[in-house]
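**Q** Using the sequences and the hints given, assemble the complete structure.
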Amino acid sequence: MATPDASLVQQQLANLKESYKHRLAEDLVDLERCTTAMLAEQGNREMMASLCQSLHRIAGSAGTFGWTEVGAACREMEQQTQIWLKRADDVAPEALEMIRARLRALIGHMHKAASDGDTPPRIDFDAGSEYTDAAVTVVLLGLSTHEGEHMADALKGFGYAIRFAAEAGDILSMSPAPDVLVADQNVLTMSLRAYISRDDVPTALIQLNRLDTFERRLHAVRCGAQGYFTYPIDIPRLEARLRRLATRHTQDPYRVVIVDDDVELSEHFRLVLQAAGIDSRVVNTPSMVVAALHDHMPDILIVDINMPGCSGPELAQVLRLDDDWLKVPIIYLSAETDQDRRTVALRQAGDDFLAKPISDLDLINAVKVRSQRSRQLSEALERDGLTGLMKHAALKEQLDIEVSRAQRSGEPASVVMIDIDHFKSVNDTYGHATGDYVIRLLANLLRRRLRKVDTVGRYGGEEFVAILPNCDAENAARIFNEIRMNFSQLDCVSGEQSFRVSFSAGIATTASSGEGSVLLEIADQAMYQAKTGGRNKVCVSEPTD
Amino acid sequence: MKPLDTILHVEDDPSIQAVARVALETVGGFNVTGCDDGQHALNVLATFRPDLILMDVMMPNMDGPTTLKHLQQDEALASIPVVFMTARIQPAEVEQYRALGAVDVLEKPFDPMTLAERLRAVWENVHGDT
Numbered sequence: 264m265a266t267p268d269a270s271l272v273q274q275q276l277a278n279l280k281e282s283y284k285h286r287l288a289e290d291l292v293d294l295e296r297c298t299t300a301m302l303a304e305q306g307n308r309e310m311m312a313s314l315c316q317s318l319h320r321i322a323g324s325a326g327t328f329g330w331t332e333v334g335a336a337c338r339e340m341e342q343q344t345q346i347w348l349k350r351a352d353d354v355a356p357e358a359l360e361m362i363r364a365r366l367r368a369l370i371g372h373m374h375k376a377a378s379d380g381d382t383p384p385r386i387d388f389d390a391g392s393e394y395t396d397a398a399v400t401v402v403l404l405g406l407s408t409h410e411g412e413h414m415a416d417a418l419k420g421f422g423y424a425i426r427f428a429a430e431a432g433d434i435l436s437m438s439p440a441p442d443v444l445v446a447d448q449n450v451l452t453m454s455l456r457a458y459i460s461r462d463d464v465p466t467a468l469i470q471l472n473r474l475d476t477f478e479r480r481l482h483a484v485r486c487g488a489q490g491y492f493t494y495p496i497d498i499p500r501l502e503a504r505l506r507r508l509a510t511r512h513t514q515d516p517y518r519v520v521i522v523d524d525d526v527e528l529s530e531h532f533r534l535v536l537q538a539a540g541i542d543s544r545v546v547n548t549p550s551m552v553v554a555a556l557h558d559h560m561p562d563i564l565i566v567d568i569n570m571p572g573c574s575g576p577e578l579a580q581v582l583r584l585d586d587d588w589l590k591v592p593i594i595y596l597s598a599e600t601d602q603d604r605r606t607v608a609l610r611q612a613g614d615d616f617l618a619k620p621i622s623d624l625d626l627i628n629a630v631k632v633r634s635q636r637s638r639q640l641s642e643a644l645e646r647d648g649l650t651g652l653m654k655h656a657a658l659k660e661q662l663d664i665e666v667s668r669a670q671r672s673g674e675p676a677s678v679v680m681i682d683i684d685h686f687k688s689v690n691d692t693y694g695h696a697t698g699d700y701v702i703r704l705l706a707n708l709l710r711r712r713l714r715k716v717d718t719v720g721r722y723g724g725e726e727f728v729a730i731l732p733n734c735d736a737e738n739a740a741r742i743f744n745e746i747r748m749n750f751s752q753l754d755c756v757s758g759e760q761s762f763r764v765s766f767s768a769g770i771a772t773t774a775s776s777g778e779g780s781v782l783l784e785i786a787d788q789a790m791y792q793a794k795t796g797g798r799n800k801v802c803v804s805e806p807t808d
Numbered sequence: 004m005k006p007l008d009t010i011l012h013v014e015d016d017p018s019i020q021a022v023a024r025v026a027l028e029t030v031g032g033f034n035v036t037g038c039d040d041g042q043h044a045l046n047v048l049a050t051f052r053p054d055l056i057l058m059d060v061m062m063p064n065m066d067g068p069t070t071l072k073h074l075q076q077d078e079a080l081a082s083i084p085v086v087f088m089t090a091r092i093q094p095a096e097v098e099q100y101r102a103l104g105a106v107d108v109l110e111k112p113f114d115p116m117t118l119a120e121r122l123r124a125v126w127e128n129v130h131g132d133t
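Residue numbers (my numbering), protein chains in the order written: chain A, 264 to 808; chain B, 4 to 133.
Hints in this document: simulated from the structure, not taken from any laboratory. Keep in mind that a hint or two might mislead.
[Said to hold, decoys possible] The following label-pair restraints were derived from C-beta to C-beta distances:
hint : chain 1 : residue 1 : chain 2 : residue 2 : range
1    : A       : ARG350    : B       : VAL129    : 37 to 47 Å
2    : A       : ASP615    : B       : GLN93     : 30 to 40 Å
3    : B       : GLN93     : A       : GLU360    : 25 to 35 Å
[Stated by the list, open to error] Keeping only pairs whose Cα atoms sit at most 20 Å apart, straight-line, the calculated SDA-like set for lysine to any residue is:
hint : chain 1 : residue 1 : chain 2 : residue 2
4    : A       : LYS280    : B       : ASP114
5    : A       : LYS419    : A       : SER407
6    : A       : LYS284    : B       : PHE113
7    : A       : LYS284    : B       : ASP16
8    : A       : LYS349    : B       : PRO63
9    : A       : LYS284    : A       : THR331
10   : A       : LYS284    : B       : ASP114
11   : A       : LYS280    : B       : THR117
12   : A       : LYS284    : B       : ARG24
13   : B       : LYS5      : B       : VAL125
14   : B       : LYS72     : B       : PHE51
15   : A       : LYS419    : A       : SER765
16   : A       : LYS349    : B       : ALA95
17   : A       : LYS794    : A       : ALA740
18   : A       : LYS280    : B       : GLU28
19   : A       : LYS349    : B       : GLN93
20   : A       : LYS284    : B       : ALA21
21   : A       : LYS659    : A       : PRO675
22   : A       : LYS280    : B       : ARG24
23   : A       : LYS349    : B       : MET61
24   : A       : LYS590    : A       : ARG633
25   : A       : LYS590    : A       : ALA629
26   : A       : LYS659    : A       : ASP647
27   : A       : LYS349    : B       : ASP66
28   : A       : LYS280    : B       : THR29
29   : A       : LYS280    : B       : PHE113
30   : A       : LYS284    : B       : PRO17
31   : A       : LYS280    : B       : ALA21
32   : A       : LYS280    : B       : ASP16
33   : A       : LYS280    : B       : PRO17
34   : A       : LYS349    : B       : GLU96
35   : A       : LYS280    : A       : VAL292
36   : A       : LYS375    : A       : GLU289
Each residue gets a CB set at the ideal place from its N, CA and C atoms; glycine is no exception.
**A** Here's what the structure looks like:
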């Protein structure tokens, strides 16, 4: 056997990679042009065949040169075009638009790679290694100087980028458009309302008002508002709404499991949903559903109503025997139009119907709307009502997951126990409503300041726990000292009075113990040290060995 | 058993041709002849007898399975083992290609550092452990 010169091989491969990179970038641009031409010239099957062939070529080569994710994306698009080629009818323009949008994303990805250097980067929209997210931009419009400054200061503490606008016209010329516009109801002009409601403008509107009546709220909805607050503004609630609006676009893709014995049709559904960014899994045999549910944890389940061996409603009833899947909505896919039979199916189990045949676009929209609702509800169930943070039980589960992950990877994870100082006296002096306000203030600050991979939960009354994967004690202490200083400088408002609060924190890392409950205990002891050492402190537990 | 030495590589994508050449010649130490499609391969095979043929499935002019059928009809060529390479590797498809007479089906994209090893394993399989 020949003994190749390793460095020579590497050099040759590197040269090939380099020239492939340029060719791939050009090919993608060509393909994007091809889809544009196809949109102009409906039903051109020759172009479709050539698109399919090119996608196939990239699918087969990109991975070899390190562009695995580009290759995988092209393979999916190739499969999609294969299905179109087999069908006699014309492809919906929306479906082609999706292919074009995907190609554009890949081109953008290649450009980014070209400016970053040679190595193909992972397609990762959520790198999240920083301890703060990219700042969400919030524009304040039409607020009094006092209100505006108070709100700006408070929101900056949560990491938002705040700008002021003097009049409605200023918003129209802002580029890029802000993520959120917080505006007094009196200053909303017709042209601003029209601008906000445009599909290509990502800005969400929160309306502020003096009065809280049903008519005013209805009016706000008609103006396109996605949040409604009355003066004086409850900052923690406003922040919670800002966060929800800002994360709407960046959250995990929706997950769907499709159960249908028609292999080709279900694969078609999967590809259509995949192209729309919905992560779907197909099951062709009803008996395999439970495994797929465990594996994929879907937001919704789509079930064909007529399957050999086990009908859709029967399958739904089987799943409803188990508490674990109670919260997953079951949607039947059916050509059934008889209202009585639909009612019978829904009475047995299941939540809703989608009519077959269904257009690609209708399918995507139906799945998105139902997944979003399902996710909102399940989050509400697992989360503490006051703070929106994870509850005690869910938190302990998460801790066990992170601890075993840390042991597998060998990377340290830190656990932080946080307790608000002199909280009882806040309650006694200012009342429980103000106490709740302080708790929400700290909850929101923690959530804003930690990474997406971190977990924050409300452990008890005024006690919080944070779990930080891939983070040693030193870094955890640095981050929590920053948060501690930030928190202790926030002005809490109660009626006419304003006051400040601090917290104490204790840190333990997986270097001390490999068991979640023991780590919590160690962190709790360190927190107690911080309390006895004068409060408004962060203490790290000494390693025991 | 004669060690694997000469390979005919049939592939329409020039980038893949180039990287396969590095994988098979530089890494594997084989003698490689390259062709752009099935028709081209049949022309070359009129005068050249490789130990093994590595062939893409989907190619313009003449695809892999059609080329294989032509080879099987020619007594002089029918005994040369053919390995397919494809980007769409579904279990059903692998079975289909094997039924046609391919000795193995490899997945694209491939790792250039291990391709030669895999072909050697295929070669040993074809010739049994004699």
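**Q** Run every hint past the structure and note whether it holds.
**A** Verification of the hints:
ARG350/A and VAL129/B have their C-beta atoms about 41 Å apart, which keeps the hinted 37 to 47 Å range intact. Checked against the given bound of 30 to 40 Å, the beta carbons of ASP615/A and GLN93/B, roughly 33 Å apart, stay inside it. The beta-carbon spacing between GLN93/B and GLU360/A, approximately 28 Å, falls within the hinted interval of 25 to 35 Å. The hinted pair formed by LYS280/A and ASP114/B meets the criterion: a straight-line CA distance of about 13 Å does not exceed 20 Å.
For the hint pairing LYS419/A with SER407/A, the CA-to-CA distance comes to about 18 Å; that is within 20 Å, so the pair holds. With a C-alpha separation of about 17 Å, the suggested pair LYS284/A and PHE113/B falls inside the 20 Å cut-off, and the hint holds. With a C-alpha separation of about 14 Å, the suggested pair LYS284/A and ASP16/B falls inside the 20 Å cut-off, and the hint holds. Under the criterion of a C-alpha separation no larger than 20 Å, the hint pairing LYS349/A with PRO63/B is consistent with the structure, at around 19 Å.
Proposed proximity of LYS284/A and THR331/A is supported: the alpha carbons are some 12 Å apart, at most 20 Å. A threshold of 20 Å between alpha carbons decides the hint, and for LYS284/A with ASP114/B the separation of about 17 Å falls inside it, so the pair holds. A threshold of 20 Å between alpha carbons decides the hint, and for LYS280/A with THR117/B the separation of about 17 Å falls inside it, so the pair holds. About 18 Å separates the Cα atoms of LYS284/A and ARG24/B, which keeps this hinted pair within 20 Å; it holds.
Restraint check: the Cα-Cα separation between LYS5/B and VAL125/B comes to about 13 Å, which is no more than 20 Å; the hinted pair holds. Only pairs whose Cα atoms come within 20 Å are accepted, and LYS72/B paired with PHE51/B is accepted, the gap being roughly 18 Å. The straight-line distance between the Cα atoms of LYS419/A and SER765/A is roughly 18 Å, inside the 20 Å bound, and the hint therefore holds. A distance of roughly 18 Å separates the Cα atoms of LYS349/A and ALA95/B; the hinted pair therefore holds under the 20 Å criterion.
Pair hint LYS794/A plus ALA740/A holds up; C-alpha atoms about 16 Å apart against a cutoff of 20 Å. The hinted pair formed by LYS280/A and GLU28/B meets the criterion: a straight-line CA distance of about 17 Å does not exceed 20 Å. Between the alpha carbons of LYS349/A and GLN93/B the distance comes to roughly 18 Å, so the proposed pair stays at or under 20 Å and holds. For the given pair, LYS284/A sits about 14 Å from ALA21/B by alpha-carbon distance, which is consistent with the 20 Å threshold.
Annotation: proposed proximity of LYS659/A to PRO675/A holds, straight-line Cα distance about 18 Å (limit 20 Å). Taking the CA atoms of LYS280/A and ARG24/B, the gap is about 14 Å. The hint holds against a cut of 20 Å. In summary, the hint linking LYS349/A to MET61/B is supported, as the alpha carbons are separated by about 17 Å, within the 20 Å threshold. Simply put, LYS590/A and ARG633/A have alpha-carbon atoms about 12 Å apart, close enough for the 20 Å limit, and the pair holds.
Of the supplied pair hints, the one linking LYS590/A and ALA629/A holds, its CA atoms being roughly 18 Å apart against a limit of 20 Å. Between the alpha carbons of LYS659/A and ASP647/A the distance comes to roughly 14 Å, so the proposed pair stays at or under 20 Å and holds. At most 20 Å may separate the alpha-carbon atoms for a hinted pair to count; LYS349/A and ASP66/B meet this at roughly 19 Å. As the CA atoms of LYS280/A and THR29/B are separated by approximately 16 Å, the hinted pair is consistent with the 20 Å bound.
Taking the CA atoms of LYS280/A and PHE113/B, the gap is about 14 Å. The hint holds against a cut of 20 Å. Between LYS284/A and PRO17/B the alpha-carbon distance is near 13 Å, which keeps this suggested pair within the 20 Å criterion. For the proposed pair LYS280/A and ALA21/B, the alpha carbon gap of about 10 Å is at most 20 Å, so the pair holds. About 14 Å separates the Cα atoms of LYS280/A and ASP16/B, which keeps this hinted pair within 20 Å; it holds.
Between LYS280/A and PRO17/B the alpha-carbon distance is near 13 Å, which keeps this suggested pair within the 20 Å criterion. In summary, the hint linking LYS349/A to GLU96/B is supported, as the alpha carbons are separated by about 17 Å, within the 20 Å threshold. Proximity of LYS280/A to VAL292/A is assessed by CA-CA distance (about 18 Å); at most 20 Å being required, the pair is judged to hold. The hinted pair formed by LYS375/A and GLU289/A meets the criterion: a straight-line CA distance of about 14 Å does not exceed 20 Å.
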